[in-house]
Amino acid sequence: MANEFLQLEGEIIKVIKTIFDPEIPVNIYDLGLIYEIDVDEKGKARVVMTLTSPNCPVAESLPEEVHEKVAAIDGITSVDLNLTFDPPWTKDMLSEEALLELGLL
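Counted from 1, the sequence shown has number 10 at position 10 by the UniProt record's numbering; the numbering is strictly sequential.
Because the hints were derived from the structure by calculation, they are not lab data. Warning: the hint list may mix true and false statements.
[Unchecked claim] Distance windows between CB atoms, simulated:
| id | residue 1 | residue 2 | range |
| --- | --- | --- | --- |
| 1 | Gly103 | Asp38 | 32 to 42 Å |
| 2 | Thr90 | Lys17 | 13 to 23 Å |
| 3 | Gly10 | Glu68 | 16 to 26 Å |
| 4 | Arg46 | Lys17 | 26 to 36 Å |
Beta carbons: idealized from backbone N, C-alpha and C, even for Gly.
Let the hints inform the model, and build the full structure from the sequences given.
Structure, rendered in structure tokens:
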């Protein structure tokens, strides 16, 4: 059973890695914008995410895109998406892959 939830979390990560911040050529997962992903035994997904800044031009559309794509995954029954700015995003949250992509490593 727990393996099924880990598999769903893996599917969520895979889908989130197809979503890009329009200003930075890196997916939002590797940018460090996803703080938490949980799936409960009923298939309810909980995603906690942030944006690079509260004034981000995609402040409305990016969370909507995450919600829609996660909700479309087989086995996910609902999505609870929480947008937070605590802690605020910093470039220290970039994955090694993102640092390489941006030429910062």
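Practice prompt. List in ascending order the numbers of the hints, as given earlier, that are violated by the structure.
Written response: 4
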